[in-house]
Amino acid sequence: MPVLYSAKCGQNAVLKRPKTGDTLCKECFYWAFELEIHSTITNGNLFKKGDVVAIAASGGKDSTVLAQVLKTLNERYNYELKLVLLSIDEGITGYRDDSLKTVLENKDEYQMPLKILSYQQLYGWSMDKIVAEVGRKNNCTFCGVFRRQALDRGAMLLNVDCIATGHNADDIAETVLMNILRGDVARLQRCVNIITITEGTIPRCKPLKYTYEKEIVMYAYFKKLNYFSTECIFAPNAYRGYARTFLKDLERLKPSSIMDIIHSGETMCIKENVKLPDIGVCTKCGFVSSQDICKACILLEGLNRGLPKLGIGKSSKANKALAALPNPRLLHF
Amino acid sequence: MCSVNEEGAEVFEVLKPIEPLELKCRKCLIEDGNVVLQKKFVYCKTCFVPMVTHKFRATVGKSKLVNRGERVLVCVSGSQSSVSLLHMIWTGLQQSTYKRLTFEPVVLYIDESVLHDYPLDQVKKIKELFEKYGLTYHIVKFSAAVYLDNCLNKDTNVDQYNDKLQNIFNNLSDLTLKEDMLMKLRKRAITKLADLLKCTRIMTAENEHKLSIRLLSNVALGRGSQISLDIGLAVNNKNNNNTSLVTIRPMRNLSAKEISYYALFNKLDDFMHSNFLTATSEDESIQKTTERFVNDLQVDFPSTVSTIFRTGEKISEKTSAIAYCLLCQGIMEVNVSPSSAMEATKYSKYVSLMGVKALKLSLKELKNEETNEKNCNGCKCRNKQDLKEKIIESLCYACTHIIQELESLDDLPEEILNKEKERLQFKKMEEQIKDFLL
Amino acid sequence: MEKGLNITTEFTSGLQILFNNIKKHKVVLPETENPWTLGMLLFWIKDNILVDKDKCDLFMKGNTVRPGIIVAVNDQDWELLGDLKYCIKNNDNITFISTLHGG
Numbered sequence: 001m002p003v004l005y006s007a008k009c010g011q012n013a014v015l016k017r018p019k020t021g022d023t024l025c026k027e028c029f030y031w032a033f034e035l036e037i038h039s040t041i042t043n044g045n046l047f048k049k050g051d052v053v054a055i056a057a058s059g060g061k062d063s064t065v066l067a068q069v070l071k072t073l074n075e076r077y078n079y080e081l082k083l084v085l086l087s088i089d090e091g092i093t094g095y096r097d098d099s100l101k102t103v104l105e106n107k108d109e110y111q112m113p114l115k116i117l118s119y120q121q122l123y124g125w126s127m128d129k130i131v132a133e134v135g136r137k138n139n140c141t142f143c144g145v146f147r148r149q150a151l152d153r154g155a156m157l158l159n160v161d162c163i164a165t166g167h168n169a170d171d172i173a174e175t176v177l178m179n180i181l182r183g184d185v186a187r188l189q190r191c192v193n194i195i196t197i198t199e200g201t202i203p204r205c206k207p208l209k210y211t212y213e214k215e216i217v218m219y220a221y222f223k224k225l226n227y228f229s230t231e232c233i234f235a236p237n238a239y240r241g242y243a244r245t246f247l248k249d250l251e252r253l254k255p256s257s258i259m260d261i262i263h264s265g266e267t268m269c270i271k272e273n274v275k276l277p278d279i280g281v282c283t284k285c286g287f288v289s290s291q292d293i294c295k296a297c298i299l300l301e302g303l304n305r306g307l308p309k310l311g312i313g314k315s316s317k318a319n320k321a322l323a324a325l326p327n328p329r330l331l332h333f
Numbered sequence: 001m002c003s004v005n006e007e008g009a010e011v012f013e014v015l016k017p018i019e020p021l022e023l024k025c026r027k028c029l030i031e032d033g034n035v036v037l038q039k040k041f042v043y044c045k046t047c048f049v050p051m052v053t054h055k056f057r058a059t060v061g062k063s064k065l066v067n068r069g070e071r072v073l074v075c076v077s078g079s080q081s082s083v084s085l086l087h088m089i090w091t092g093l094q095q096s097t098y099k100r101l102t103f104e105p106v107v108l109y110i111d112e113s114v115l116h117d118y119p120l121d122q123v124k125k126i127k128e129l130f131e132k133y134g135l136t137y138h139i140v141k142f143s144a145a146v147y148l149d150n151c152l153n154k155d156t157n158v159d160q161y162n163d164k165l166q167n168i169f170n171n172l173s174d175l176t177l178k179e180d181m182l183m184k185l186r187k188r189a190i191t192k193l194a195d196l197l198k199c200t201r202i203m204t205a206e207n208e209h210k211l212s213i214r215l216l217s218n219v220a221l222g223r224g225s226q227i228s229l230d231i232g233l234a235v236n237n238k239n240n241n242n243t244s245l246v247t248i249r250p251m252r253n254l255s256a257k258e259i260s261y262y263a264l265f266n267k268l269d270d271f272m273h274s275n276f277l278t279a280t281s282e283d284e285s286i287q288k289t290t291e292r293f294v295n296d297l298q299v300d301f302p303s304t305v306s307t308i309f310r311t312g313e314k315i316s317e318k319t320s321a322i323a324y325c326l327l328c329q330g331i332m333e334v335n336v337s338p339s340s341a342m343e344a345t346k347y348s349k350y351v352s353l354m355g356v357k358a359l360k361l362s363l364k365e366l367k368n369e370e371t372n373e374k375n376c377n378g379c380k381c382r383n384k385q386d387l388k389e390k391i392i393e394s395l396c397y398a399c400t401h402i403i404q405e406l407e408s409l410d411d412l413p414e415e416i417l418n419k420e421k422e423r424l425q426f427k428k429m430e431e432q433i434k435d436f437l438l
Numbered sequence: 001m002e003k004g005l006n007i008t009t010e011f012t013s014g015l016q017i018l019f020n021n022i023k024k025h026k027v028v029l030p031e032t033e034n035p036w037t038l039g040m041l042l043f044w045i046k047d048n049i050l051v052d053k054d055k056c057d058l059f060m061k062g063n064t065v066r067p068g069i070i071v072a073v074n075d076q077d078w079e080l081l082g083d084l085k086y087c088i089k090n091n092d093n094i095t096f097i098s099t100l101h102g103g
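From first to last, the protein sequence lines are chains C, H and V. So the first sequence is numbered by my numbering: it starts at 1 and just counts up by one. So the second sequence is numbered by my numbering: it starts at 1 and just counts up by one. So the third sequence is numbered by my numbering: it starts at 1 and just counts up by one.
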């Protein structure tokens with residue numbers, strides 16, 4: 001039943017919550033939004049008092065809202081966290097320059113220290129150069145792999161206890177669907193975890209796990225938060241687009257679908273007899289990897305040798321190809 | 001933020017240009033091909049039929065799913081898959097000694113004409129089909145199967161039960177929930193009939209395509225924990241007598257195309273009828289949206305259906321305690337962790353309603369506040385609300401959505417309501433003696 | 001002078017609902033300059049025997065059949081014959097089978 005006036009606070013309603021359909025006034029919406037994230041954080045035991053938390057800041061709406069909310073809750077409920085912003089510069093002219101500007105504004109607004117790491121610094125290659133080398137088809141693979149490692153390396157440099165990413169409910173539901181479609185059961189199990197801990201890396205958590213994307217946009221809109229909202233200028237992965245469209249169709253039909261999918265993901269697990277890859281370390285750079293040589297090293301090797309296809313596709317093929325190369329060089333970071 | 005998942009976006013399945021096909025059958029190499037499977041395998045009619053039959057026999061024969069002489073309830077809905085299943089079983093029974101199928105089939109057709117429009121003489125035609133095969137068969141009305149304990153008695157008047165059934169579905173305006181409820185009631189009816197007819201196995205004719213769609217629909221409905229139940233090869237049913245009753249899906253490895261051509265080559269008539277989803281737009285139900293999504297994706301990425309299916313085979317439920325839903329008899333979530341989608345959803349609802357007040361209250365206090373609000377001068381609806389809330393404790397996540405939409409629980413089958421009352425009684429008794437239990 | 005093409009079209013597994021519940025239709029295709037292809041036949045079916053034009057997208061999508069519908073000519077998969085480009089011959093039997101479940 002729709003609540004005509006905002007939940008008993010007497011004020012006029014100005015919006016309808018995408019998540020529950022209730023009509024609320026601005027203040028009640030802020031409370032609801034922030035309270036829910038607070039409950040997600042406390043129920044999930046995401047942080048301990050005194051933790052240093054790096055917020056993965058891209059300048060986009062998710063990370064901007066995350067920074068704002070974490071700062072607010074940290075003060076309101078005395079989490080006693082030290083918050084820092086961590087941003088990765090992929091080296092995409094135009095796109096990245098603008099989003100980094102937003103991150104710098106965030107730093108000033110929220111009074112948080114900021115660390116920026118670039119692909120150029122870490123790997124010797126910016127995305128602009130990578131795309132010039134490999135073209136536009138597989139560039140997203142490079143970016144995705146490099147970004148993950150970049151965040152981990154940055155977090156280690158800053159000596160943080162945890163990385164908080166801005167993944168929202170829509171992202172997680174979409175990932176569940178994607179992993180079913182690609183048959184990736186290993187990732188399927190992990191992607192719904194609110195905290196992901198891998199041996200040898202810093203734990204990551206998703207405080208916005210149960211927050212709908214639409215509500216994030218609403219919050220940012222009403223609170224007049226600055227964020228950068230253009231898609232990457234290099235063509236994004238086309239397959240994910242299908243899953244996203246499907247998810248949006250489901251959400252339009254039944255808004256609770258997003259939570260239903262996450263619920264399904266949480267109650268599924270792999271059968272006992274299914275084989276999973278083991279986690280070890282990369283023999284070249286020492287980073288965690290399920291293969292002998294981690295994906296980033298393979299991709300880099302390919303770039304440095306002018307073999308842009310090395311590492312695209314199945315890892316076993318990549319390993320064979322690497323082994324077949326004469327005089328494999330040592331990579332330095 | 002970039003939409004690429006930071007765990008590494010892989011480029012998927014780049015479509016290769018289609019090579020010109022060999023026109024001869026790949027098996028006998030002599031005949032011209034009649035069918036192409038997965039855009040590359042060509043078969044002639046004569047080789048195709050045994051190939052498909054062999055897949056069926058291999059699935060049935062696997063790990064002794066059915067023992068010699070066992071009574072198997074074969075559920076025929078009139079779809080292409082089920083008439084093909086019937087034909088394959090019949091063919092299997094005609095074989096010479098060592099190849100012959102050794103179980104005893106009991107064919108079942110559930111007449112759902114109370115809910116859907118049937119073409120003229122549909123039930124008569126089904127009867128003729130069954131007579132032609134000469135196997136034992138039963139044609140039972142849906143409402144009788146749902147409400148009556150002994151629905152095989154042909155003389156009982158089912159009008160009142162027809163009304164009840166129609167009431168339930170008229171009450172559910174949401175098409176998704178309607179379709180979901182129909183599937184669950186159908187499952188209950190089949191399980192009941194299997195017991196009545198003393199069958200220890202049930203065979204249903206879902207093919208790979210249907211099961212892939214069902215998997216995704218289940219995920220979208222919040223039935224992720226019930227996937228292995230709904231698409232598995234051999235699933236143990238929870239039934240009242242604790243005797244073993246296993247549902248088998250022998251056609252699950254067959255693609256929709258294989259079944260269509262099997263039916264075509266054997267000139268099998270199908271008996272489809274319209275259902276709740278017929279002629280509705282895809283945007284009105286989750287099931288149909290999912291079907292369209294899978295079909296469209298399959299066009300550009302031909303291994304979509306089989307990948308989804310194979311993923312399903314690796315998934316099972318994540319529960320330590322086992323409880324079963326009162327309505328669908330599927331796995332139920334117990335001991336839900338506070339960090340979960342279920343709890344987050346509940347919290348959202350309360351927080352939205354309470355607004356600023358929720359800031360100060362804990363979840364329990366919020367719950368009390370809400371029940372106080374629902375007081376409505378002690379009229380009957382308070383009791384109905386109570387029973388609904390109690391019954392929800394025995395339901396799984398998705399069935400809760402269904403029951404919450406129902407105005408009144410009166411039209412539900414007796415056994416569900418009785419079971420709930422029984423459970424509540426036991427709970428009360430336990431409360432009374434709990435201090436004395438060691 | 002050639003007469004029009006005599007063919008039969010069949011609609012099974014639920015598709016017949018769109019065609020007055022009649023599964024088999026005997027059809028005479030009028031003469032045209034260009035030979036009749038399956039692609040052209042689809043549009044002809046839509047215009048001439050499909051009962052409810054609003055339900056057209058239950059049968060066709062764009063210029064081909066809706067995904068999930070299988071087409072066989074004389075018991076042969078149309079993928080072996082060139083899909084929409086196959087030229088229809090006299091006395092051909094063209095069957096449309098639906099693998100869709102939601103009606």
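Since the hints were made in silico from the structure, they are not lab data. Hints are not guaranteed to be accurate.
Taking CB as the label site, the calculated pair distances span [unchecked claim]: (1) C:Lys49 / H:Ile322: 52 to 58 Å; (2) V:Ile49 / H:Arg68: 46 to 52 Å; (3) C:Val217 / H:Leu23: 54 to 60 Å; (4) H:Ala323 / C:Ile197: 39 to 45 Å; (5) C:Tyr77 / H:Arg310: 44 to 50 Å; (6) H:Arg71 / V:Val28: 49 to 55 Å; (7) C:Glu27 / V:Asp57: 54 to 60 Å; (8) H:Pro50 / C:Lys16: 56 to 62 Å; (9) C:Arg136 / H:His116: 36 to 42 Å; (10) V:Gly39 / H:His116: 44 to 50 Å; (11) C:Ile116 / H:Lys388: 53 to 59 Å.
Derived DSSO-like pairs: lysine-lysine, alpha-carbon spacing no greater than 27 Å straight-line [stated by the list, open to error]: (12) C:Lys271 / H:Lys64; (13) V:Lys89 / H:Lys267; (14) H:Lys419 / H:Lys388; (15) H:Lys154 / C:Lys248; (16) C:Lys71 / H:Lys346; (17) C:Lys223 / C:Lys107; (18) H:Lys187 / H:Lys198; (19) H:Lys238 / V:Lys89; (20) H:Lys421 / H:Lys164; (21) C:Lys254 / H:Lys419.
All residues carry an ideal CB built from backbone N, CA and C; glycine is no exception.
Hint-by-hint comparison with the structure:
1. C:Lys49 / H:Ile322: 52 to 58 Å: With a Cβ separation near 38 Å, Lys49 (chain C) and Ile322 (chain H) fall outside 52 to 58 Å, so the hint is violated.
2. V:Ile49 / H:Arg68: 46 to 52 Å: holds, 51 Å
3. C:Val217 / H:Leu23: 54 to 60 Å: holds, 55 Å
4. H:Ala323 / C:Ile197: 39 to 45 Å: violated, 30 Å
5. C:Tyr77 / H:Arg310: 44 to 50 Å: Given about 46 Å between the Cβ atoms, the range holds.
6. H:Arg71 / V:Val28: 49 to 55 Å: Given about 52 Å between the Cβ atoms, the range holds.
7. C:Glu27 / V:Asp57: 54 to 60 Å: violated, 46 Å
8. H:Pro50 / C:Lys16: 56 to 62 Å: Given a distance of about 60 Å, which is inside 56 to 62 Å, the answer is holds.
9. C:Arg136 / H:His116: 36 to 42 Å: violated, 51 Å
10. V:Gly39 / H:His116: 44 to 50 Å: Violated, at about 34 Å.
11. C:Ile116 / H:Lys388: 53 to 59 Å: Since the Cβ atoms of Ile116 (chain C) and Lys388 (chain H) sit about 55 Å apart, the hinted range of 53 to 59 Å holds.
12. C:Lys271 / H:Lys64: Distance ~21 Å between Lys271 (chain C) and Lys64 (chain H) Cα, so the pair holds.
13. V:Lys89 / H:Lys267: Roughly 22 Å between the alpha carbons, so the hint for Lys89 (chain V) and Lys267 (chain H) holds.
14. H:Lys419 / H:Lys388: Holds - the C-alpha atoms of Lys388 (chain H) and Lys419 (chain H) are around 14 Å apart, at most 27 Å.
15. H:Lys154 / C:Lys248: violated, 48 Å
16. C:Lys71 / H:Lys346: Distance ~25 Å between Lys71 (chain C) and Lys346 (chain H) Cα, so the pair holds.
17. C:Lys223 / C:Lys107: This hinted pair holds, its Cα atoms lying about 17 Å apart.
18. H:Lys187 / H:Lys198: Holds. Lys187 (chain H) to Lys198 (chain H) sits at ~17 Å (cutoff 27 Å).
19. H:Lys238 / V:Lys89: violated, 56 Å
20. H:Lys421 / H:Lys164: Distance ~20 Å between Lys421 (chain H) and Lys164 (chain H) Cα, so the pair holds.
21. C:Lys254 / H:Lys419: violated, 31 Å
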